[in-house]
Structures are given as C-alpha cells and as structure tokens.
Amino acid sequence: MGNISRFAEARYCSGMGADWIGFKNITPESFAEMAGWLAGPRFALEAEHIPATRIHNTVLEIPVSEIAKTHGDIAIRLGMNEWEKYKHEIWAKKNLIRYAQVHADEPVNRKALEEMCACTEVYVLAEEEKLDFCLSLGTQGIALTGGSTNEDYSPLSTILEKLQEQWF
1 MGNISRFAEA RYCSGMGADW IGFKNITPES FAEMAGWLAG PRFALEAEHI PATRIHNTVL
61 EIPVSEIAKT HGDIAIRLGM NEWEKYKHEI WAKKNLIRYA QVHADEPVNR KALEEMCACT
121 EVYVLAEEEK LDFCLSLGTQ GIALTGGSTN EDYSPLSTIL EKLQEQWF
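Under this note's numbering, the first residue of the sequence shown is numbered 1, with each subsequent residue one higher.
Because the hints were derived from the structure by calculation, they are not lab data. Think of the CB as a built atom: it goes at the ideal place given N, C-alpha and C, for glycine as much as any other residue. Incorrect hints may appear among the rest.
[Claimed, not checked] Calculated lysine-lysine pairs in the DSS-like style (CA-CA distance at most 30 Å, straight line):
1. Lys-130 / Lys-85
2. Lys-87 / Lys-130
3. Lys-85 / Lys-111
4. Lys-111 / Lys-130
5. Lys-87 / Lys-111
[Unchecked claim] Label pairs and their computed distance ranges (CB to CB):
6. Glu-84 / Gln-140: 16 to 26 Å
7. Leu-135 / Trp-91: 32 to 42 Å
8. Pro-107 / Gly-36: 16 to 26 Å
9. Leu-135 / Ser-157: 36 to 46 Å
10. Thr-158 / Glu-129: 29 to 39 Å
All chains should be modelled from the sequences, with the hints used to inform the complete structure.
What follows is the structure in structure tokens.
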C-alpha cells in the first residue's frame, strides 16, 4: 500500500497483511513513530518528484538502523520515469533501495523494467491491460495506493480480500 500519511491507514493496512507500506509527505519523526507501532510490513519512503538531495537528507534523518532491526528492509519508491535519473545511485545503494513501482499512467519501458527487476524488487501499479506484461518481466507483485483521507475502508477491504483469494 502506498500514499499513506496517517497512522490509522498504516495500522489498517498492516492488519490486513500488506507486505509493504509506503509513506508519503510525513516527517521523519512521524515515520519513526508509526514504524514503532506497526509489526509485519516492510516500509517505503515514497520519493516521487522529490529532488535526490532531499531523499538523501530524509534517509539520514530517519533512524534507519533502529527501524531495520524490527522491520527489515527500508525502501524508497521510485516510478518508471525516475529510473533513468537515479539508476546509478540505486545500484550503488541497492542494499537500502529495495522497491520500485511502475505507475499506471506511465508507458511501460521493457528495458527499464527489466533493469529495475535485476536491481531491486519491483511492484506494479498498472492498468489491467499492462498488468500481465509487467508481471511477466519478473516483477514481485501488485502495488496499491491510497487516495484522499477517507474513514471508510470498505473499498480497500474489498480489494485486499479479492487479492487474498486470488493469490493464496
């Protein structure tokens, strides 16, 4: 699950068995606090449209070693368009950057997606007609993303239940 900015959303996704929770637009302090309360999922700092220097500084501000002890890999979410710009840095830091996401509104570049899969775990957020193609290239699974603040979790619950039925 991506685009999480509130503790209630993170807790709900964790309870529903999400493998990854992506945080967006939160402070390092809020991230550390949420991570301290959640068990199970791995975490992603979503970095779309954020300058590389800000990503680097944010990662330095987060107590990565403490969170990694209890939650495993810390990850940065990048889109297909960011791959060319950041791929050398990602290869150099692939022990930290473990997750890439292909967005539904981006054209799927086979070569770039294969390079991503060779370097990191790739989860796809794609329209149905692109999904099978993306999954055939060695991606790890499907990514979901949250929307605006909404206290009604029934649509999310329905999606997660259908995925659980299909994959397990």
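Review point. Should the hint that Glu-84 and Gln-140 are 16 to 26 Å apart at their CB atoms be regarded as holding?
Key: holds (21 Å)
Exercise for review: Indicate whether the distance between the beta carbons of Thr-158 and Glu-129 respects the range 29 to 39 Å.
Suggested key: violated (22 Å)
Point to revise | Leu-135 versus Trp-91 beta-carbon gap, inside 32 to 42 Å or not | key: violated (23 Å)
Exercise for review: Would you check the hint for Lys-111 and Lys-130, treating anything up to 30 Å between C-alpha atoms as holding?
Suggested key: holds (15 Å)
Exercise for review: Could you grab the alpha-carbon distance between Lys-130 and Lys-85 and see if it respects the 30 Å cut-off?
Suggested key: Roughly 23 Å between the alpha carbons, so the hint for Lys-130 and Lys-85 holds.
Practice item. For the pair we were handed, Lys-85 and Lys-111, check the Cα-Cα distance against 30 Å. Key: At roughly 15 Å apart (the allowed maximum being 30 Å), Lys-111 and Lys-85 satisfy the hint.
Review point. At the C-beta level, are Leu-135 and Ser-157 separated by a distance inside 36 to 46 Å?
Key: violated (24 Å)
Check your understanding: Under the criterion that the straight-line Cα-Cα distance not exceed 30 Å, is the pair Lys-87, Lys-130 satisfied?
Key -> Cα-Cα ~23 Å, so holds.
**Study point:** Cβ distance range 16 to 26 Å for Pro-107 and Gly-36, holds or violated
**Key:** violated (39 Å)
**Study point:** 30 Å limit on alpha-carbon distance, applied to hinted pair Lys-87 and Lys-111
**Key:** The given pair, whose Cα atoms are some 13 Å apart, holds under the 30 Å limit.
Hint check: violations occur at hints 7, 8, 9, 10; the rest are consistent with the structure.
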